[in-house]
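Asks: Here the structure of chain A is known, so what remains is to put chain Y in place on it, guided by the hints.
2 protein chains.
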Amino acid sequence: MAGGVGSRFWPMSTPECPKQFIDVFGTGRTFLQMTFDRFKGVVAPENVWVVTSAKYFDIVKTQLPEVPVENILLEPCRRNTAPCIAYVSWRIKSKNPNANLVITPSDHLVTDVIEFQRVINSALKFTAETDAIVTLGMHPTRPETGYGYIQADLQEPSLVNKEIFRVDSFREKPDLATATEYVRQNNFFWNSGIFIWSVKTIVNALRVYQPELSSIFENLLPVYGTDKEQAAIDEKFPTCENISIDYAVMEKADEIFVFPADFGWSDVGTWGSLHTIAKTDKDGNNVIGPDISLYETKNCVVHTTEERKVVIQGLDNYIVAEKGNTLLICRLDQEQRIKEFSCN
Amino acid sequence: MAGGVGSRFWPMSTPECPKQFIDVFGTGRTFLQMTFDRFKGVVAPENVWVVTSAKYFDIVKTQLPEVPVENILLEPCRRNTAPCIAYVSWRIKSKNPNANLVITPSDHLVTDVIEFQRVINSALKFTAETDAIVTLGMHPTRPETGYGYIQADLQEPSLVNKEIFRVDSFREKPDLATATEYVRQNNFFWNSGIFIWSVKTIVNALRVYQPELSSIFENLLPVYGTDKEQAAIDEKFPTCENISIDYAVMEKADEIFVFPADFGWSDVGTWGSLHTIAKTDKDGNNVIGPDISLYETKNCVVHTTEERKVVIQGLDNYIVAEKGNTLLICRLDQEQRIKEFSCN
Numbered sequence: 003m004a005g006g007v008g009s010r011f012w013p014m015s016t017p018e019c020p021k022q023f024i025d026v027f028g029t030g031r032t033f034l035q036m037t038f039d040r041f042k043g044v045v046a047p048e049n050v051w052v053v054t055s056a057k058y059f060d061i062v063k064t065q066l067p068e069v070p071v072e073n074i075l076l077e078p079c080r081r082n083t084a085p086c087i088a089y090v091s092w093r094i095k096s097k098n099p100n101a102n103l104v105i106t107p108s109d110h111l112v113t114d115v116i117e118f119q120r121v122i123n124s125a126l127k128f129t130a131e132t133d134a135i136v137t138l139g140m141h142p143t144r145p146e147t148g149y150g151y152i153q154a155d156l157q158e159p160s161l162v163n164k165e166i167f168r169v170d171s172f173r174e175k176p177d178l179a180t181a182t183e184y185v186r187q188n189n190f191f192w193n194s195g196i197f198i199w200s201v202k203t204i205v206n207a208l209r210v211y212q213p214e215l216s217s218i219f220e221n222l223l224p225v226y227g228t229d230k231e232q233a234a235i236d237e238k239f240p241t242c243e244n245i246s247i248d249y250a251v252m253e254k255a256d257e258i259f260v261f262p263a264d265f266g267w268s269d270v271g272t273w274g275s276l277h278t279i280a281k282t283d284k285d286g287n288n289v290i291g292p293d294i295s296l297y298e299t300k301n302c303v304v305h306t307t308e309e310r311k312v313v314i315q316g317l318d319n320y321i322v323a324e325k326g327n328t329l330l331i332c333r334l335d336q337e338q339r340i341k342e343f344s345c346n
Numbered sequence: 003m004a005g006g007v008g009s010r011f012w013p014m015s016t017p018e019c020p021k022q023f024i025d026v027f028g029t030g031r032t033f034l035q036m037t038f039d040r041f042k043g044v045v046a047p048e049n050v051w052v053v054t055s056a057k058y059f060d061i062v063k064t065q066l067p068e069v070p071v072e073n074i075l076l077e078p079c080r081r082n083t084a085p086c087i088a089y090v091s092w093r094i095k096s097k098n099p100n101a102n103l104v105i106t107p108s109d110h111l112v113t114d115v116i117e118f119q120r121v122i123n124s125a126l127k128f129t130a131e132t133d134a135i136v137t138l139g140m141h142p143t144r145p146e147t148g149y150g151y152i153q154a155d156l157q158e159p160s161l162v163n164k165e166i167f168r169v170d171s172f173r174e175k176p177d178l179a180t181a182t183e184y185v186r187q188n189n190f191f192w193n194s195g196i197f198i199w200s201v202k203t204i205v206n207a208l209r210v211y212q213p214e215l216s217s218i219f220e221n222l223l224p225v226y227g228t229d230k231e232q233a234a235i236d237e238k239f240p241t242c243e244n245i246s247i248d249y250a251v252m253e254k255a256d257e258i259f260v261f262p263a264d265f266g267w268s269d270v271g272t273w274g275s276l277h278t279i280a281k282t283d284k285d286g287n288n289v290i291g292p293d294i295s296l297y298e299t300k301n302c303v304v305h306t307t308e309e310r311k312v313v314i315q316g317l318d319n320y321i322v323a324e325k326g327n328t329l330l331i332c333r334l335d336q337e338q339r340i341k342e343f344s345c346n
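Protein sequence lines correspond, in order, to chains A and Y.
Here the working numbering = 1-based position in the first sequence + 2.
Here the working numbering = 1-based position in the second sequence + 2.
Bound-form chain A, shown alone (with noise of 0.2 Å):
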């Protein structure tokens, strides 16, 4: 799934050039490098899906040469999670009803790439061997209140692999003193995100719980993988629901599992959750740009991706972000109105 806006990464992330598209870490690969790259060895190229808004398939092409361009699946417009999984399920059931999915999106961070394929692969054996509905739980490291939480039923692994558990209940973003208490238990787990079933699962599932939304792409099954097919999208997609996979399916259905794991997972969805993971110098300060002077300054995140020099006296714990034309000074702690920020 590559088709968010990143809109809490302003002005790095930028409607033209959202989050996933781009090298926050200034590694010289961008999230959805990153994201391809973690499934090497578990998934050929030829197997990997794009979802992504019809703006950014050059962006897609260009950064993902390894992936067939009939590959990338454009949504004419935002429909959240629920209508991309289905299009990209009935897309992959046209070619392959036997196929066994992961769904990740394109802009986390994994650090510890060898545990993520460990526990890919464990899942995936699962999926091909049930009719399952796996979530990835991360462990909790800290209180966080900017994820959704998993709770797990951790007496009832399954029968199968003692590492995947019956899924309790999900929670929404909770508030400090619900986080510190899911934390405190040792059966909450943070919501990844990332999804585990086979294409057979989810069609089903979909059928059961979103009847509209599975007719709409039941419907196009003549024209997948035809040069009707983007038209097509073009005129359905438009009129799908705009829902999450978590309300259209997972709060709902059964059989759902979750696969509790550690492998250094991060959403990376604001600038303190760069400055939390990233690497920072003596000063606490997270530097990434090609001539940053800093003087006095402690706690910052200073992203620069031109060859611009930068010379900064006297911050602690601001945000300074510099991409094209847009510059952005915010103390840290403010950066929930980055939003409202980059629309004024």
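No lab work stands behind these hints, which were simulated from the structure alone.
Where hints are given, some of them may not hold.
The list cannot tell twin chains apart, which means a pair is met if one copy fits it or any two copies do.
Stated by the list, open to error - Here are the simulated SDA-like cross-link-like pairs (lysine to any residue), alpha carbons at most 20 Å apart as the crow flies:
1) Lys238 / His141
2) Lys300 / Leu334
3) Lys311 / Cys19
4) Lys325 / Asp293
Computed from a predicted structure; not experimentally measured.
Replies: Frame of chain A; chain Y shown alone:
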């Protein structure tokens, strides 16, 4: 005089385009152009001379199309004000030995141009009738430690102009206690660096007090106005002593006068002085740029020169200045370190 490098105004002012060539106030006119404008009706454009660095020739020609190009004198290197003034004085003498001169920096601000012209005309009348050296002294409005001061003998006005007084002494930039004492007394004035004298007077003064310097420009009399002038200047100018006109003449000569005046003058030498002078919003911000949004920001100077979107949240007492490929963020009270920042 338009050869300065304006290092305290970095990054707006750069060696490639220093302060005098910049439209700091966003009015559409640079300091150099405002200086030219200030003399309209007093000095005909063909009698305006600009002494600048060779590398700024194109800028001056572009910014002052009214000034004949042969009136743009080019220094091959920087040698402070005395060689600059000596050069232009002999050069003008070669054309008109009876000329009456105003010497002025080109990077200062004057807000009351009517009063400025009255003072200049009055001073020019005085120097046309006498062999006096006249400096303009500004009534101090605060104990500024960034300016030199002129101590006047207010008991002894000149015979022909009751607004003009003999100078008792020139004082270097004082400390705050001394500056406060100067302001408390009423006979100390800021040294504006604006001088009025006849060509005869300055040439004679230079001959007496700076014989070496004088002989250099005296010897070039045969080449002034010829196609050999620049080559001769390029050869001889670097041999001049690096010395200010204050040291070279003012502090040595006898017939020195000061014209105390009050026409809204500032040398706008620093970001802080710009902040003091320029229009601020209700939060004390001085903002120049096409697209700047401020949130919870006060007492800041924000200057951008490009078509750039800038969002600033939560800054108090900072300079944010952006030009070309350079961004500076610096506490206003640390601006004396800008020269250090710009060199690293």
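Asks: Hint by hint, say whether it matches the structure.
Replies: Structure-based check of each hint:
no. : hint            : in the structure
1   : Lys238 / His141 : neither (39 Å within a copy, 77 Å between copies)
2   : Lys300 / Leu334 : both (12 Å within a copy, 18 Å between copies)
3   : Lys311 / Cys19  : between (23 Å within a copy, 17 Å between copies)
4   : Lys325 / Asp293 : both (14 Å within a copy, 15 Å between copies)
Of the numbered hints given earlier, the model fails hint 1 alone.
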